[in-house]
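So you can see what is in the structure, the chains are spelled out below.
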Amino acid sequence: MIIEIISLILLWFGIYYIVSLSLNMEFGYAGIPNFGKALSVLVGAIAVGGILDRLLILYFGVGGDFITGTTYATSMLNDLIASNPIVGIGILILAIILASILGFIVGAIFILPSAKLKEDYLGVTLLAISEAVFLICMYNLNIIGGYYGISTPDILAFVPGEYRGWAFTGIVLFIAFLVYLFFERLLNTPFGRVLRAMRENEDTVKAFGRDIMMLRIKTMAIGSAIGAIAGALYSLYTVNIIANAFTRVEWTFFPFLMVLLGGKGNNKGVALGVLCYVVVKVLLDVYKYNLKYTLNIPFEPVWLSYMLFGVLMLLILYYKPSGLIPEKPIITPPMKKKIMEISNK
Amino acid sequence: MEILRTENIVKYFGDFKALDGVSISVNKGDVTLIIGPNGSGKSTLINVITGFLKADEGKVYFENKDITNKEPSELYHHGIVRTFQTPQPLKEMTVLENLLIGEINPGERPLNALFYKKWIPKEEEMVEKAFKILEFLKLSHLYDRKAGELSGGQMKLVEIGRALMTNPKMIVMDEPIAGVAPGLAHDIFNHVLELKEKGITFLIVEHRLDIVLRYIDHLYVMFNGQIIAEGRGEEEIKKVLSDPKVVEIYIGE
Ligand SMILES: Nc1ncnc2c1ncn2[C@@H]1O[C@H](COP(=O)(O)OP(=O)(O)OP(=O)(O)O)[C@@H](O)[C@H]1O
Ligand SMILES: [Mg+2]
Chain A
0 MIIEIISLIL LWFGIYYIVS LSLNMEFGYA GIPNFGKALS VLVGAIAVGG
50 ILDRLLILYF GVGGDFITGT TYATSMLNDL IASNPIVGIG ILILAIILAS
100 ILGFIVGAIF ILPSAKLKED YLGVTLLAIS EAVFLICMYN LNIIGGYYGI
150 STPDILAFVP GEYRGWAFTG IVLFIAFLVY LFFERLLNTP FGRVLRAMRE
200 NEDTVKAFGR DIMMLRIKTM AIGSAIGAIA GALYSLYTVN IIANAFTRVE
250 WTFFPFLMVL LGGKGNNKGV ALGVLCYVVV KVLLDVYKYN LKYTLNIPFE
300 PVWLSYMLFG VLMLLILYYK PSGLIPEKPI ITPPMKKKIM EISNK
Chain B
0 MEILRTENIV KYFGDFKALD GVSISVNKGD VTLIIGPNGS GKSTLINVIT
50 GFLKADEGKV YFENKDITNK EPSELYHHGI VRTFQTPQPL KEMTVLENLL
100 IGEINPGERP LNALFYKKWI PKEEEMVEKA FKILEFLKLS HLYDRKAGEL
150 SGGQMKLVEI GRALMTNPKM IVMDEPIAGV APGLAHDIFN HVLELKEKGI
200 TFLIVEHRLD IVLRYIDHLY VMFNGQIIAE GRGEEEIKKV LSDPKVVEIY
250 IGE
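Top to bottom, those sequences are chains A and B. Oh and the first sequence: position 90 is 89 in numbering that gives the first Met the number 0, straight run, nothing missing. Oh and the second sequence: position 198 is 197 in numbering that gives the first Met the number 0, straight run, nothing missing.
Hint data in this document are derived by calculation from the structure and do not stem from the laboratory. All of these numbers come straight from a predicted model, not from anything done at the bench. Note that beta-carbon positions come from the ideal geometry of N, C-alpha and C, so glycine has one too. A couple of the hints might just be wrong.
[Stated by the list, open to error] Listed next, with one range per pair, are the computed distances between beta-carbon atoms: (1) B:N166 <-> A:I85: 51 to 59 angstroms; (2) A:E340 <-> B:F15: 49 to 57 angstroms; (3) A:F176 <-> B:R144: 32 to 40 angstroms; (4) A:L172 <-> B:Y11: 56 to 64 angstroms; (5) B:H76 <-> A:I330: 26 to 34 angstroms; (6) B:F135 <-> A:K267: 35 to 43 angstroms.
Let the hints inform the model, and build the full structure from the sequences given.
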């Protein structure tokens with residue numbers, strides 16, 4: 000039991016860390032209040048459910064409607080994977096590539112309507128677009144099966160059932176680590192610096208020759224590509240996609256909470272924020288009924304976590320707006336060298 | 000030689016005519032000053048010249064190129080940088096980072112950022128230059144302080160330092176010494192003179208004539224969105240300042 004809980008915590012940690020790192024670049028660094036973060040995760044699901052599944056249906060020549068088609072096509076693929084692990088890994092890589100390309104494109108387009116908007120309206124616009132796409136995916140069953148759901152390939156069909164959870168956790172953690180290295184490399188640079196400058200003061204950045212819109216587009220394209228990878232991983236982990244799972248609470252609000260809790264603008268801080276959140280989330284999930292009956296809570300225990308995290312968000316914003324590990328200045332290697340020189344004098 | 004010229008700039012805010020046919024001419028290497036009472040349109044004029052506001056009528060020429068209503072980011076590439084009436088520091092960033100934003104590094108492109116060799120050489124150059132400028136402005140000891148923690152006067156200096164990172168052709172400053180102690184104010188203008196020696200042109204809005212008078216080459220007086228007097232050189236500037244119209248405005252204030 001305890002070992003399963005740990006595996007679950009680590010798995011969620013990995014998935015949410017990927018999402019939160021990308022949100023941290025968008026919001027923590029660049030100051031873009033991306034209240035539509037959930038859209039990028041949903042795009043990952045679309046890459047797997049809407050595109051990859053369709054390719055499989057074509058490949059295996061499965062007839063009939065889309066939703067049942069996915070069941071047949073994925074089970075045929077799973078048989079292949081069970082006897083040939085390489086296929087599973089190939090599908091994983093393909094899913095990641097599809098998701099990041101689609102995420103990149105959607106992110107770049109998603110921000111365009113905001114060209115003339117100041118920050119306040121930016122957030123609301125992104126939220127509205129994200130919600131619209133979510134509702135369309137929910138009620139149009141032809142995209143990713145909507146509320147009805149579709150099957151996705153089991154990339155670990157070759158792993159015995161009792162180890163599947165751990166194996167998937169390992170994959171997710173490995174990818175999350177790569178994403179962390181990517182962002183550290185990408186952001187401890189003049190790019191990270193100009194994003195922070197944009198967050199601090201757009202007029203100054205404009206007066207010094209930068210095109211704010213281009214910076215926003217690049218940021219959202221990269222952020223959404225990474226968010227989509229998390230969405231793809233999640234869709235592959237659960238071996239099916241139900242549109243209901245991609246709500247703004249789960250994939251926008253909670254990632255904001257993790258970034259704010261850990262420390263916006265600090266990738267290590269965000270790891271701590273994600274970990275805190277995930278531990279509480281998993282424990283609440285596992286013990287929700289025990290809690291409900293021992294504490295005699297007169298409502299659905301799911302609400303408990305929403306309320307708890309809502310209050311937590313307010314407390315952080317009020318008492319510790321810079322989070323558990325505050326942002327550090329970006330010190331590039333030449334800056335470091337020069338600072339050493341000066342302090343040696 | 001003329002570097003900047005405006006022709007009959009008109010700017011409305013709703014029905015209100017904030018600029019009413021403003022034509023000025025700025026010579027290369029001069030320190031040109033615009034004075035005028037509150038609300039006379041000085042900042043509006045500067046905002047039009049630097050692209051932060053769009054003119055309703057009229058033209059702006061820089062080095063004989065039409066730059067009317069171009070984006071600020073584009074004007075930077077023509078060699079025009081500016082400071083703001085209210086300092087716009089990047090508050091949560093250090094003084095050094097604030098300066099480094101003055102120049103564009105190829106590593107600001109995400110793809111380049113991933114490869115050290117694409118941006119480290121430029122970065123080294125920029126860091127050297129930034130520390131030289133900090134020394135010049137006597138701010139070296141503050142390099143790792145957050146800009147938001149500085150005094151108003153220090154913030155103004157950081158803004159000037161940032162403007163210097165680019166080797167601009169023209170620096171436009173809106174009230175660089177408002178709220179700055181007289182000693183520091185003179186320091187700032189001594190820096191302006193040093194930079195002028197290097198061939199940089201200055202267009203400055205400032206109220207505090209007592210301090211800046213000795214540093215300027217060219218003076219414009221604005222009132223109600225119009226230029227009402229102009230003088231180039233010590234003699235003419237003196238004459239402008241004793242002009243009854245100008246005296247009245249200043250005493251009227
Ligand atoms: N964005 C704006 N919207 C509406 N009116 C404005 C705007 N900006 C300036 N004004 C008005 O235009 C007039 C000129 O303003 P401006 O800021 O150019 O004056 P100024 O000469 O810089 O004054 P100060 O010395 O107080 O800085 C003022 O009456 C001001 O109220
Ligand atoms: Mg003004």
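The hints, checked one at a time:
no. : hint                                  : in the structure
1   : B:N166 <-> A:I85: 51 to 59 angstroms  : 57 angstroms, holds
2   : A:E340 <-> B:F15: 49 to 57 angstroms  : 55 angstroms, holds
3   : A:F176 <-> B:R144: 32 to 40 angstroms : 34 angstroms, holds
4   : A:L172 <-> B:Y11: 56 to 64 angstroms  : 60 angstroms, holds
5   : B:H76 <-> A:I330: 26 to 34 angstroms  : 28 angstroms, holds
6   : B:F135 <-> A:K267: 35 to 43 angstroms : 36 angstroms, holds
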